[in-house]
Amino acid sequence: MTRILPRKDVVIVGLGWTGAILANELTDQGLDVLAIERGPWRDTATDFNIGYMQDELRYSVRRDLFLQPVVETMTMRNDPSQTALPMRDFGSFLPGNGVGGAGVHWNGHTWRFWDSDFKIKSNLTNRYGAARIADLQVEDWGVTGAEMEPYYDQFEYLAGISGKAGNIKGQLQQGGNPFEDPRSRDYPNPPMDMTYAPTLFAETGRSMGLHPFPTPSANMSRAYTNPLGVTLGQCTFCGFCERFGCANYSKSSAQTTVLPVLMKKANFEVRTDSEVLHVDLHTGGKSARGVTYIDSSGEEFFQPADLVLLCAYGLHNVRLMMLSGIGRIYDPGSGEGTVGRNYCYQTNAGTQVFFDDKNFNPFIAAGALGQTIDDYNGDAFDHGPLDFVGGAGINCIPTNGRPIGTRPTVPGTPKWGSAWKKATVQGYKSTLSFSSQGSSYATRTNYLDLDPTYKDRFGRPLMRMTFDFPDNDIRMSNYLCDRMEEIAKKLGGKQYAVGRRKKGWDSVPYQSTHNTGGAIMGIDPKRSAVNTYLQSWDVPNLFVIGASAFPQNAGKNPTGTVGALAFRAADAIRNHYLRNPGAPLVQA
Amino acid sequence: MKTLALTFATGLATLALGPATAADQADQIIRGQYQAVLGDCVGCHTRPGGKSLAGGPPLETPFGALVPPNITPDAETGIGNWSEADFHNMMKTGIGHDGVRLYPAMPYPAYTKMTDPDLSDLWAYLTTVEPVSNKVEANQLPFPLNIRFSMWGWNLLNFSEGGFAPDPSKSAEWNRGAYIVQGAGHCGTCHTPKSFLGADQDSVFLQGASLQGWFAPDITNSARSGLGKWSEDDLVKYLKTGVNAHSIASGPMAEAVENSTSKMTDADLKAVAVYLKSLGSDTVVAAPAKPEQARMVTGEAVYRDNCSACHGGDGAGAGALFPALAGNSIVAQGSTETLSRLVLAGSQAVHTANAPTTPAMPSLAWRLKDQEVADVLTYVRNSWGNAASEVSASEVAAVRKELTQ
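Protein sequence lines, in the order shown, are assigned to chains A and B.
Okay, so the first sequence: first residue is 81 according to my numbering, each after it adds one.
Okay, so the second sequence: first residue is 263 according to my numbering, each after it adds one.
With the rest of the complex left out, here is chain B (with noise of 0.2 Å):
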C-alpha cells in the first residue's frame, strides 16, 4: 500500500510539471548511467566475462562470503518486481525488498547521501539494461551473521541515515567533490580503516585500510603516506587513465579506475580532487628509525638483481610503464601488506582508453625467501627520500600464507 502510495505520488508530480518527453526520459536514463558510473555498480555486481549486473563474484569480507545479487530488472531473479521507492529506500536504509536487511558491502551507508534526484535517474537507467536471469544465493555468511535481522543492531550502532550535507563555507566544486567522495562514489568503503564490527571509523577517514588481501592507501593529502606530493592534475590524470608520475593503478583500484573514475567527467575528477587535497593534515611525522646499514645493502643487493631493470637504480621507475618507487606513496604506506602482495603475486596494470598498455610486475614468490622481500622492502621504503618503518619476513610471511591459501 505504501508502495502503491509513493507510486501515486511521483505520478502526480510529474502531471503537475507536464508530461515527461521521451527526450526528457532519455536524458534521464543518460544522467542515471551516469550515477552508476560514479557508484562503480558494474565493479561489484558483474562477473568478470559476465552479463552486465546479473550478479558478481563473492566479495570476501572479515566475517565471510558475500555475493553481489543480480540487480538487472528480472522480474524472477532481479529486480524486476522492485518499485522506485523500494529502490530509493534500499540506498537510503541497506533494507530492500519486502524488508530484507542489506549487509553494507553493499556501501548504503554512503550511498544514503546521494540526493533524490540522482537515485531516480540511476533507477530509470537499472529499468533499462538488459534483463538477465541469474539466481545469486546473496547471502553466505555463517551463522549467526547470516541471519540478516542481526543488521538491525549493526545499523543502530554503526549507521546514520541522512543526505550530504553542504559546507557552505567551501566552494560548490569542493562541495561537489565531497559528495561525490562520500556519496556515490564511496571512496570509504575500500580507503578508510573499519571497526571490529566492518563499520567506516570516521575518525580516519580515508586514511588506508587493509581488504581482499590489498591495503587501500591513505588518500588523504597527508604528505608522507597519502596524496601530499600530487598536485591535483596528477590526481586527475591518475583517476583518468589509472597511470600519472606517481604510480599505476592494479588491484582492486584498477577495476575502479576502469569501471568508474575513468568515465567521470573532467569537472567530476577536478572536484573530487580538490576535496580530497583538502583533507588531513599537513604536519610532518616523525620519520622513523633509519635501518640498519647491513639490512639496506642486503636489501640493494636484491633490488639490483631483480627490481632495477625496471624501476631504475635509483627508484625512478619508467614514466607509464613501470612506477617511480622514490616518493611513491604506496611505497610509504603503515601496512606493507600490499607490498608484499605485488612483489609474491605480482600484478597488472588497469586498461584505459588513454593508457591500454596493463604492464605488469611479475610474480616472485618462487625467486625470493620472505626474508630477502621484507630485506628489499626495507630497502625501498628507506631509500631515495622514502622514509617508513621496517618490514619483518612474518610480514611477508603472513601475505604469502594468504596467497597460497
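If we strip away everything but chain A, and leave its shape as in the complex, we get (with noise of 0.2 Å):
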C-alpha cells in the first residue's frame, strides 16, 4: 500500500553538494523542493563533534560515515566474459551516506578540468589522429573551458577555496599553475601556509624546470564568508579530513556552505532516512511525474513533482535510471544504449621517499594541503612520441598523520612484529609520499549494467561493474611512474618506492572514490544519456547531475567540476527550463 502525497514543484534524490546545491538555487527561484535522502540528518556540532570527531578506529577503519554494503552494495568484475559477484564491503572506493553526501568526507582538492580534457576526442583526433584513441570510447563533453568557466568560479566562491590562480585571463601568474585555463578572478582564499614535505617537494620540481604550485583546497587557509554569508573558519591542520566530517566548520561541504541557509527557507524541506526506489513515469515514459520511496519504517510512499533530479552518489544516479527504466541500458555487444556507457574511474600509482635525516611532522595537516606538478598532465605535455594518452597530477599532499594508518615502512620491512613496530617508528616522520592521479578513459567494454542474479534488501536488482584499467591508462600511469622516480631521485633519501599500477582492478584495497560516467552528457543521445545541461534525453523532466555526467575522468579531483555543472544545470532550469517546463533544452 503506497501512500499518496501531496504535489512538490521538485523532489531531489540525495543531499549532498549538487542537491543542496540545487535546492538553493531552485528555491530562491521560489519553486517548492524537496529533498528526499536515503541516510541521516548530519551536522557539524551534534555528528562531527570535536570531542569525538577525531576517532580514527571509528570513522576511518570501521568507517562511520559511509554507505554500507547492507544498505547497496554493487557486483564487480574485470571484464564481460566473467561472473560478476557482490561486493561484501567496500574498499576501493566509498560512496558516501547522509546528508552532506561524500563532500562531508572528502579531503578538499577542488580542479578545474580543461578545455582540452572538455574537447578530448576532437582534441586528441586532430593532434594525433584517430588511430591514436581507437580503442579507447572517448567523447567530448560537449562545453568548453570558457563556457564552464562562470560555473567553476561559483562552485570555488561558494566553498571558499584556497588556492593561487595560475591564469587569470590569460595573463601567467607566478606561483600559480600556468597549465590551467584562464580563469576570470584568483581564488577566493590565498594558499594554505605549507608544511615541510610539500615544500621540499616544490623546491626539487622547481629545480627540474617542473611547475609545482599549491593545490587547490577547500580546506580554510582563513576565515571565509561566502556569497550566501555563511561563515567557514580557519583550518586547525588537524589532519582528519578525508573519512572524517570537520569540526571545525573549516572544510567546505554542504553543512558548512549551504545548508544553514538552505534549511532556514519555508519552500524547502528534506526527509532523511528514506530512500528512493525508483521514478515513476507517465505511460509511454516520456516524462516523470514522481518518485517511489520508503521510510525506515518500511511505508512506502509516492512523492508526485513536476521535475524531478536525481542528486545522488554518481553510480548510484545511474542505478537508479535503469531500476526506472530511463533510456537504454548500455550493451557493449552492440554499442547501443546510453545508460551505464563510459563507467570510468583514476588512475593512481604511489611514491615513498624514505630518509634518515628529516621530520616532516606528518600530523600537521589538512586533506588538501600541498603542492600539485601538473607538467604530465592531461594535454599539458606532447604525446606525439608516446604510446598512450592522457596524464596525471602528481600530488604532494600528505593528508595526515593519523597513527593506526600512517605506518610507512622501507620496502622488505617483515608486516607484523618487533621489527615492523621498529620499521614504523623510524619511518613515520621521516617518509615523504607522492603521487599520480591519472586519467581514466572510457573504453568499449568498462560499463554499469544490472546484475543478473544479485538483489538488494528491496529485491531489486543490484548493479554491476564492470571494469579494468584499459591498456592505454596503464602504459599512461607507467610513463607518470617513471617521471615519479626521476623526482624521488632527485629528492635524495636513503631509498624510494614506486608501487606500479597494474592491470587487473582490485576491488578491495582502497584507490579512490572518484567512479564517474555512466550516464554521460553530450550532443548525440545515441552517445549520451543526458544533454550537456544534464536533462535526460529521454525524460525531459529529470536532470542527472553528478560526475555521472562526465563521459570520461581527467587526472584530478571530480568535485571542482561536479559542483561546476550542478550549478550550470541550476542555471538552465532557471532561465531556461522553467519558462517551458517538461520541454527539453537541446532537440535531439
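You may find that some hints are simply not true.
As the list claims (entries may be wrong) - Calculated pairs, DSS-like style, for lysine-lysine (alpha carbon to alpha carbon, straight line, at most 27 Å): (1) A:Lys-345 / B:Lys-432; (2) B:Lys-456 / B:Lys-491; (3) A:Lys-249 / A:Lys-201; (4) A:Lys-438 / A:Lys-569; (5) A:Lys-438 / A:Lys-570; (6) A:Lys-509 / A:Lys-574; (7) B:Lys-432 / B:Lys-354; (8) B:Lys-313 / A:Lys-344; (9) A:Lys-569 / A:Lys-582; (10) B:Lys-491 / A:Lys-345; (11) A:Lys-509 / A:Lys-438; (12) A:Lys-606 / A:Lys-199; (13) A:Lys-344 / B:Lys-525; (14) B:Lys-525 / B:Lys-313; (15) A:Lys-345 / B:Lys-525; (16) A:Lys-502 / A:Lys-574; (17) A:Lys-344 / B:Lys-499; (18) B:Lys-532 / B:Lys-499.
Calculated from the structure, these hints are not laboratory results.
Small disclaimer: the values here were computed from a predicted structure and weren't measured.
Each of the two chains sits in its own frame; use the hints to bring them together as a complex.
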C-alpha cells in the first residue's frame, strides 16, 4: 500500500553537494523543493562533535560515515567474460551516505578540468590522429572550458577554495598552475601555509624545471564568508579530513556552505532516512511524474513532482535510471544504449621516499594541503612520441599522520612483529609520499548495468560494474611512475619505492572514490544519456547531476567539476527550462 | 456596556479626524506589525514549527508551567471576540477579556508603559493575522497559584500601572531607547533579577537573572560583567545580526534576536544601545582572588584538549564563528549557569539574514566530569585578562542535574 503525498514542484534525490546547490538555487526561484535522502541528518556540532570526531578507529577503519553494503552494494568483474560477484564490503571506493553525502568526508582537492579535457576526442584526433584513440571510447563533453568557467567560479566562491591562480584572463600568474585555463579572477582565499614535505617536493620539482603550485583546497586558509553569507573558520591542520566530517567548520561541504541558509527556507524540506526506490514515469515513459520512496519504518510513499533531479552519488544515479526504465541500458556487444556507458575511474600510483635525517611531522596536515605538478597531466605535454594519451597530476599532499593508518616502512620490512614496529617508528616522521592521480579513459567494455543474479534488500537488481584499467591508462601510469622516480631520485633520501599500477582492478584495497560516467553528457543522444545541461534525453523533466555525467575522467579530483555542472544545470533550469517546463533544452 | 461606550468613543474620534483611508489603515497595520516585532509576540506565542501566534510552548516558571495562549483573531480559541478596549486594558493592567487576571509571565508590567497609539497600532495588526483554531490551556500552575485571583494580591504588591515617563534631561534618542527597553522590548523580563514573588527588582534593573536554565547576563554598562567593553556600534551589530566581536547570541537570546531585534530599525537599535550604555555604574569592583595555580594548570590542560581548537590557545576565538572568551562578559557573570550549560549541553547560534551560519558549540557532557568542567571554567574566567569567581563542581552538577531531568 503506497501512500500518495501532496505534489511538489521539485523533488531531489540525495542531499549532498549537488542536491544542496540545486535546492538552494531552485528555492531562490520560488519553487517548492523536497529533498529525499537515504541516510541520516548530519550537522557539525552534533555529528562531527569536536570531542570525538578525531576517532580514527570509528571513522577511518570502521568507516562510520560511509554507505554500508547492507544498504546497497554492487557486483564487480574485470571483463564481460567473467561472472560478477557482489562486493561484500566497500574497499576500492567508499560512497557516502547521509546529508552532505561524500562531500562530508572528502579531502577537499578542488580542480577545474581544462578545455582540452572537455574537447578530448576532437582534440586528440586533431593532434595525434584517430588511430591513437581507436581502442578507447572517449567522448567530447559538448561544453568548452570558457563555458564552464563562470560555474567553476561560482562553486569555488561558494566553497571558499584556497589556492593560487595560474592564469587570470590569459595573464600567467607567478606561483600558480601555468597549465590551467584562463580564469576570471583568483581563488577566494590564498593558498594554505605549506608544511615541510610539500615545500621540499616543490623545491625539488622546480629545480628540475617543473612547475609546482599549491593544490587548490577546500580546507580554509583563513576565515571566509561565502556569497550566501555563511562563514567558515580557518583550518587548524588537525589532519582528520578524508573519512571524517570537519568539527571546526573549516572544510567546505553542504553543511558548512549551503545548508544553514537552505534549511531555514519555508519552501524547502528534507526527508532523511528515506530511500527512493525508483522514478515513476507517465504512461509512454516520456516524462516523470514523481518518485516512490520507502522510509525507515518500511512504509512506501509516492511523491508526485513536476521536476525530478537525481543528485545521488554518480553510481546510484545510474542505477536509479536503470531501475526506473529511463533510457536504454548500454550493451557492450552492439555498442547501443547509453545508460551505463563510459564508466571510468582514476588511475593512481604512489611513491615513497625514505629519509634518515628529516622530520616531516606528518600529523600537521589537512586533506588538500600540498603541492601539485601538472606538467604531465592531460594534454599539457606532447604525446606525439608516446604510446598513450592522458596523464596525471603529481601530488604531494600528506593529508594526515593518523596513528593507525600512517605506518610507512621501507620495502622488505616484515609485515608484523617487533621489526615492523621498529620500522614504523623510524618511518613515521621521515617518509615523504607523493602520488600520480591519473586520467581514466573510457573503453567499450568498461560499463555499468544491472546484475542478472544478485538483488538488494528490496529485491531490486544490484548494479553490475565491469571494469579494468585500459592498456592505454596502464601505459600512461607507467610513464608517470618513471617521472615520479626521477623526482624521488632528485629528492635524495636513503631509499624510494614506486608502487606501479597493474592490470586487474581489485575492489578490495582503497584506491579512489572518483567513480565517473554511466549517465554521460554530450550532444548525441545515441552516445550520451543527458544533454549538456544534464537533462535526460529520454525524460526531459528529469536531470541527472553528478560525476555520472563525465564522459571520461581527467587526472584530477572530480568535485570541482561536479559543483560547476550543478550550477550550470541550475542556471539552465532557472533561466531556460522553467519558461517551458517539460520541454527538452536541446533538440535531439 | 463599557466596551460599547469605548468603541463608540473611538468611532467618534475617527469621525472627528475624517474617515480613515485604506492607505491609512495599511500604514497603521504596518506600524502595528513593527510593534509586534518590538514586543516579540511571536517569541512566546508561537510553537516551534507551529502557526504564527496560535499559542506557544510552555514557559517554565519557578511557580510552574504557563502556556502562552492563542492570540490570533479566532473567535473560539483566540482573541477574535476581544475588543480593542479589552486589549488596551490587558496590556496596561494584566486584566484580560472578561476580567481574567493574567500572570506576569505575560510582561504587562513592561507593556503598561506602551503608549495608546502604539497599542492601537498593535491591535490593528493583530486583527489582520490568520485566525487559527487552537485551544490552549494556558494555566497549568499548581493550586493555589492556579487561582488567577491570587494575581490580585500580587499586583497590589508588585505592579504599578502607568505609561512611560520621558526624562526631559536626556536626549530624544535616549528616551526612545528607554521606552523600547522598559516597554515593548521588555528586556527586564529576562535580564532583571526577580524577587521571591517573581517580580522585577527595580534596584538591580537589567543586572542579570536566571531563567529556564540560562543566566540572562547583566546588560548594564558595568565594566566587568556588563556591556562596558562594548561600543554602541557593537551593541547594534549584536542585536541586528546576533554576532559581534564579543559574543554570539544563543539560547533564549537567539530567539529574541531572530524574531525581534534583528527586525528592528537601525535607529531604534541605536537608541536601545545609547540607553543601555547609560545604565549602571562604571565603578571598578575589586577583582576576586586569583584561583590557586594548581587549579589553573588543571583547567588549562582541559582547555587545550577540548576548547582551544575553536576558541584559540589565547581565548581570542574566531570572529563570527567561535566567540572570543577573553573579555567576554558572559564568561564573567556572577552566575555560571549559562557557562556550565554551554559546556554540558552545547548551544547553537542564532540565524539571522546577516549572519546565517548558526555555528554550534557541541555538547561535552559525556566527556567531561563536573570537576573538569569546573576547572576549565575557572581557568577561562581567570585567563587573558578575565577575572571572576572560581567555579565549584557542585555548581556544575546542579546544571547537569537540571539538564538530565
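Checklist entry - Given the hint that Lys-502 (chain A) pairs with Lys-574 (chain A), does the C-alpha gap stay at or below 27 Å? => result 17 Å, holds
Checklist entry - Between Lys-509 (chain A) and Lys-574 (chain A), is the straight-line Cα distance small enough, at 27 Å or below? => result At roughly 14 Å apart (the allowed maximum being 27 Å), Lys-574 (chain A) and Lys-509 (chain A) satisfy the hint.
Checklist entry - Are the Cα positions of Lys-432 (chain B) and Lys-354 (chain B) separated by 27 Å at most? => result Roughly 25 Å between the alpha carbons, so the hint for Lys-432 (chain B) and Lys-354 (chain B) holds.
Next on the checklist: Hint check: Lys-249 (chain A) vs Lys-201 (chain A), CA-CA at most 27 Å. Holds or violated?
Outcome noted: Distance of about 25 Å is within 27 Å: holds.
Checklist entry - Keeping to a limit of 27 Å between CA atoms, is the pair of Lys-456 (chain B) and Lys-491 (chain B) held or broken? => result 26 Å, holds
Next on the checklist: Does Lys-438 (chain A) sit within 27 Å of Lys-509 (chain A), going by the straight-line distance between their CA atoms?
Outcome noted: Satisfied, since the Cα-Cα distance of roughly 7 Å is no more than 27 Å.
Checklist entry - Given the hinted pair Lys-344 (chain A) and Lys-525 (chain B), is their alpha-carbon gap at most 27 Å? => result Measuring from Cα to Cα gives roughly 16 Å; hence the hint holds.
Item to check | Given hint Lys-499 (chain B) paired with Lys-532 (chain B) - CA-CA distance at most 27 Å | outcome: Answer holds: Lys-532 (chain B) to Lys-499 (chain B) is near 10 Å, not above 27 Å.
Checklist entry - Within 27 Å, alpha carbon to alpha carbon, are Lys-438 (chain A) and Lys-569 (chain A)? => result Cα-Cα ~16 Å, so holds.
Checklist entry - Are the Cα atoms of Lys-344 (chain A) and Lys-499 (chain B) separated by 27 Å or less? => result Holds, because 21 Å separates the two Cα atoms, which is no more than 27 Å.
Checklist entry - Is the straight-line distance between the alpha-carbon of Lys-438 (chain A) and that of Lys-570 (chain A) 27 Å or less? => result 15 Å, holds
Checklist entry - Given the proposed pairing of Lys-606 (chain A) with Lys-199 (chain A), does the C-alpha separation stay at or below 27 Å? => result 18 Å, holds
The structure is inconsistent with the numbered hints 1 and 10, although it conforms to all the rest.
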